[in-house]
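**Student:** Chains as they are written, first to last, in the UniProt record's numbering: chain A, 1 to 93; chain B, 1 to 93; chain C, 1 to 93; chain D, 1 to 93; chain E, 1 to 93; chain F, 1 to 93; chain G, 1 to 93.
It is worth saying that the hints were derived from the structure and are not from the lab. Everything numeric in this text was worked out from a predicted model, so none of it was measured. It is possible that some hints are incorrect.
[Said to hold, decoys possible] DSS-like cross-link-like pairs, simulated, lysine-lysine; straight-line CA separation at most 30 Å: (1) E:Lys74 to A:Lys3; (2) G:Lys3 to G:Lys67; (3) E:Lys58 to G:Lys67; (4) D:Lys38 to F:Lys78; (5) G:Lys38 to G:Lys48; (6) E:Lys44 to G:Lys38; (7) F:Lys44 to D:Lys3; (8) D:Lys74 to D:Lys3; (9) B:Lys3 to A:Lys38; (10) A:Lys48 to B:Lys3; (11) E:Lys38 to A:Lys48; (12) C:Lys58 to C:Lys74; (13) E:Lys48 to A:Lys58; (14) C:Lys3 to D:Lys67; (15) C:Lys44 to A:Lys48; (16) B:Lys58 to A:Lys48; (17) G:Lys58 to E:Lys38; (18) B:Lys67 to B:Lys38; (19) C:Lys3 to C:Lys48; (20) F:Lys48 to G:Lys3; (21) G:Lys3 to G:Lys44; (22) G:Lys38 to E:Lys78; (23) B:Lys67 to B:Lys44; (24) D:Lys78 to F:Lys74; (25) F:Lys3 to F:Lys38; (26) B:Lys3 to A:Lys3; (27) D:Lys74 to F:Lys38; (28) A:Lys58 to A:Lys3; (29) E:Lys3 to E:Lys67; (30) F:Lys48 to D:Lys58.
[Stated by the list, open to error] To give a feel for the contact side, a few chain G residues facing chain F, derived at Cβ under 10 Å: (31) Met1; (32) Lys3; (33) Gly6; (34) Arg8; (35) Gly43; (36) Lys44; (37) Ala46; (38) Lys48; (39) Ile73.
A virtual CB, placed ideally from N, CA and C, is assigned to each residue, including glycine.
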Amino acid sequence: MIKPLGDRVLVEPIAKEETTASGIVLPDTAKEKPQEGKVIAVGKGAYKDGVLVAPEVKVGDRVLFSKYAGTEIKYEGKDYLIMRESDIHAIFE
Amino acid sequence: MIKPLGDRVLVEPIAKEETTASGIVLPDTAKEKPQEGKVIAVGKGAYKDGVLVAPEVKVGDRVLFSKYAGTEIKYEGKDYLIMRESDIHAIFE
Amino acid sequence: MIKPLGDRVLVEPIAKEETTASGIVLPDTAKEKPQEGKVIAVGKGAYKDGVLVAPEVKVGDRVLFSKYAGTEIKYEGKDYLIMRESDIHAIFE
Amino acid sequence: MIKPLGDRVLVEPIAKEETTASGIVLPDTAKEKPQEGKVIAVGKGAYKDGVLVAPEVKVGDRVLFSKYAGTEIKYEGKDYLIMRESDIHAIFE
Amino acid sequence: MIKPLGDRVLVEPIAKEETTASGIVLPDTAKEKPQEGKVIAVGKGAYKDGVLVAPEVKVGDRVLFSKYAGTEIKYEGKDYLIMRESDIHAIFE
Amino acid sequence: MIKPLGDRVLVEPIAKEETTASGIVLPDTAKEKPQEGKVIAVGKGAYKDGVLVAPEVKVGDRVLFSKYAGTEIKYEGKDYLIMRESDIHAIFE
Amino acid sequence: MIKPLGDRVLVEPIAKEETTASGIVLPDTAKEKPQEGKVIAVGKGAYKDGVLVAPEVKVGDRVLFSKYAGTEIKYEGKDYLIMRESDIHAIFE
Numbered sequence: 001m002i003k004p005l006g007d008r009v010l011v012e013p014i015a016k017e018e019t020t021a022s023g024i025v026l027p028d029t030a031k032e033k034p035q036e037g038k039v040i041a042v043g044k045g046a047y048k049d050g051v052l053v054a055p056e057v058k059v060g061d062r063v064l065f066s067k068y069a070g071t072e073i074k075y076e077g078k079d080y081l082i083m084r085e086s087d088i089h090a091i092f093e
Numbered sequence: 001m002i003k004p005l006g007d008r009v010l011v012e013p014i015a016k017e018e019t020t021a022s023g024i025v026l027p028d029t030a031k032e033k034p035q036e037g038k039v040i041a042v043g044k045g046a047y048k049d050g051v052l053v054a055p056e057v058k059v060g061d062r063v064l065f066s067k068y069a070g071t072e073i074k075y076e077g078k079d080y081l082i083m084r085e086s087d088i089h090a091i092f093e
Numbered sequence: 001m002i003k004p005l006g007d008r009v010l011v012e013p014i015a016k017e018e019t020t021a022s023g024i025v026l027p028d029t030a031k032e033k034p035q036e037g038k039v040i041a042v043g044k045g046a047y048k049d050g051v052l053v054a055p056e057v058k059v060g061d062r063v064l065f066s067k068y069a070g071t072e073i074k075y076e077g078k079d080y081l082i083m084r085e086s087d088i089h090a091i092f093e
Numbered sequence: 001m002i003k004p005l006g007d008r009v010l011v012e013p014i015a016k017e018e019t020t021a022s023g024i025v026l027p028d029t030a031k032e033k034p035q036e037g038k039v040i041a042v043g044k045g046a047y048k049d050g051v052l053v054a055p056e057v058k059v060g061d062r063v064l065f066s067k068y069a070g071t072e073i074k075y076e077g078k079d080y081l082i083m084r085e086s087d088i089h090a091i092f093e
Numbered sequence: 001m002i003k004p005l006g007d008r009v010l011v012e013p014i015a016k017e018e019t020t021a022s023g024i025v026l027p028d029t030a031k032e033k034p035q036e037g038k039v040i041a042v043g044k045g046a047y048k049d050g051v052l053v054a055p056e057v058k059v060g061d062r063v064l065f066s067k068y069a070g071t072e073i074k075y076e077g078k079d080y081l082i083m084r085e086s087d088i089h090a091i092f093e
Numbered sequence: 001m002i003k004p005l006g007d008r009v010l011v012e013p014i015a016k017e018e019t020t021a022s023g024i025v026l027p028d029t030a031k032e033k034p035q036e037g038k039v040i041a042v043g044k045g046a047y048k049d050g051v052l053v054a055p056e057v058k059v060g061d062r063v064l065f066s067k068y069a070g071t072e073i074k075y076e077g078k079d080y081l082i083m084r085e086s087d088i089h090a091i092f093e
Numbered sequence: 001m002i003k004p005l006g007d008r009v010l011v012e013p014i015a016k017e018e019t020t021a022s023g024i025v026l027p028d029t030a031k032e033k034p035q036e037g038k039v040i041a042v043g044k045g046a047y048k049d050g051v052l053v054a055p056e057v058k059v060g061d062r063v064l065f066s067k068y069a070g071t072e073i074k075y076e077g078k079d080y081l082i083m084r085e086s087d088i089h090a091i092f093e
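Given these sequences and hints, build the entire structure.
**Tutor:** Shown next as structure tokens:
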């Protein structure tokens, strides 16, 4: 298993076809386009000003993140992204 | 539903025609022009210096924000912006 | 009414003719030239290092601010500026 | 009267002739050359890390400041500078 | 023995052949590609906002780190990297 | 007398001949070369994270400082430098 | 004697021949190559977020530091470097 460090989150990106299926369509503009994914693993959080701030996202959450966020890894044949939680904009509930 | 993370806010931008109707007209200068919108969802706030600072804006608020702020998403056929609360200048009351 | 967020202040700029009348004349140098205005609305302040710092300026104050500070808005036919309180140099008493 | 905000100080610069009289002569090098002035008004100080730090300078102090510091204003026919206290290097006692 | 200072970690990088063997395959994209290694020594941690934050990684952990992170050293014939813990993305468990 | 503000220090630089006499010879490399001087006056210190940190140097100390540090002033016919204490590397004891 | 200020450390660099003798060989890559040295004197530490953080290194420690770190001085005929402790990667024990 992969355990992200600090405020990092392991995310499995969802392919564009699925994205359309879930109702999210990325608009055709010059702005940064976020991408959808599923949270696979979450770090314990990071210290901010002397306080350990626990992550808001949890395993299984469907999240919206900056398209160019994170670092790609391939693990047991699947593609993942490791990113900081601050790269995640929102959760779909 | 979309739940913004941290100090992020989900805003539905109001088209320019509506903007005129509500009394706001953007002046013709070289300065940055703010835009009007409606708050749809609000994060729980962010930690600043060890204190969780709750957002000042709430769902339903009509807000003025930086024109180039935030990230565009299309959700269930509608266009939204996810931005940090610090990109919001003021509330119309 | 417009309610500025955080440490923002809504200022009605005073035209140059008035500026002369109140005794302020901007010198002809290459330095940044401040501008005079009247405070119309004030945010509740901002958190600095865990402390909510209330604004020093209050509604009605005549203030001196950086000429290029803030964001222009037109509201009910009048021009205003929304700026951070840190863009205000001084109050005329 | 002009009341500087935060850690700002209102200074009346002293002309070069006076500077010579008080014993300060600026050397002819490529380094930044400070300038002398008199403190006319002082803000209440600024919050640093949760503590309101009162200014060290007081009205009447003769101070040495960075030549290019501050913002020029003309008030009731006289030239002043509004600068942050951190632009002031030293007091002449 | 080498004792890293502060929040630094001594890592023995694992060659690419091993990387494949453990199931990690780096994808062929333009994104930054992380690298795998084994933790050999760990500093005592660093002070963040007045709190000594102990490292999350421990000796023997198999870690994923930024490819260009750290400083190379050769010690008793072996190649190591000294990097800050923040350059480590995740632990394999 | 000149009283430096905050964490500033007034230093009388020692000419290169004296420098040689005291045993310090600056090497001929491309690195920044420090300079020697004598502390003439010291500010009360600066607030760092809510704590007033008193200066380590005191009047009379012989110090080593960055060659390009500080601001030159001429006072009663003598050349001095006003610099921040952080520009001082070491004291000769 | 030279007493470094704050979090500075006085280091006597060890020539490359000695480096080889102690088992450290710097690899031939484009990465930054650290250098070995001996700690001669240590400052009292620096305030970080209101806490005086004492240095981890002590006099006599053999340390590994960034090759381009610090300021060169020649004292009583010997070459030294004054650097911040954060430029030191590790101690050899």
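**Student:** Against the 30 Å threshold, does the CA-CA distance of Lys67 of chain B and Lys44 of chain B hold or violate the hint?
**Tutor:** holds, 24 Å
**Student:** Please verify that hint: Met1 of chain G, Cβ, nearest Cβ of chain F, below 10 Å or not.
**Tutor:** holds, 5 Å
**Student:** With a cut-off of 30 Å on the C-alpha distance, tell me whether Lys48 of chain E and Lys58 of chain A pass.
**Tutor:** holds, 25 Å
**Student:** Quickly compare the C-alpha distance for Lys3 of chain G and Lys67 of chain G to 30 Å and report which way the hint goes.
**Tutor:** Since the Cα atoms of Lys3 of chain G and Lys67 of chain G sit roughly 22 Å apart, the hinted pair holds (cutoff 30 Å).
**Student:** Using 10 Å as the Cβ threshold, decide whether Lys48 of chain G counts as touching chain F.
**Tutor:** holds, 8 Å
**Student:** The hint names Ala46 of chain G as touching chain F; please verify it with the least Cβ-Cβ distance against 10 Å.
**Tutor:** holds, 9 Å
**Student:** Would you check the hint for Lys78 of chain D and Lys74 of chain F, treating anything up to 30 Å between C-alpha atoms as holding?
**Tutor:** holds, 28 Å
**Student:** Is Lys38 of chain E close enough to Lys48 of chain A, meaning Cα to Cα at most 30 Å?
**Tutor:** holds, 28 Å
**Student:** Please verify that hint: Lys3 of chain G, Cβ, nearest Cβ of chain F, below 10 Å or not.
**Tutor:** It holds, given that the least Cβ distance between Lys3 of chain G and chain F is near 5 Å, below 10 Å.
**Student:** The hint names Ile73 of chain G as touching chain F; please verify it with the least Cβ-Cβ distance against 10 Å.
**Tutor:** Nearest chain F Cβ about 6 Å off; hint holds.
**Student:** If you draw a straight line from the CA of Lys3 of chain C to the CA of Lys48 of chain C, is it 30 Å or shorter?
**Tutor:** Status holds; Cα separation ~20 Å.
**Student:** With a cut-off of 30 Å on the C-alpha distance, tell me whether Lys48 of chain A and Lys3 of chain B pass.
**Tutor:** Given pair Lys48 of chain A, Lys3 of chain B holds - Cα atoms ~22 Å apart, limit 30 Å.
Going down the numbered hints, you'll see the structure goes against 14, 27, while the others check out.
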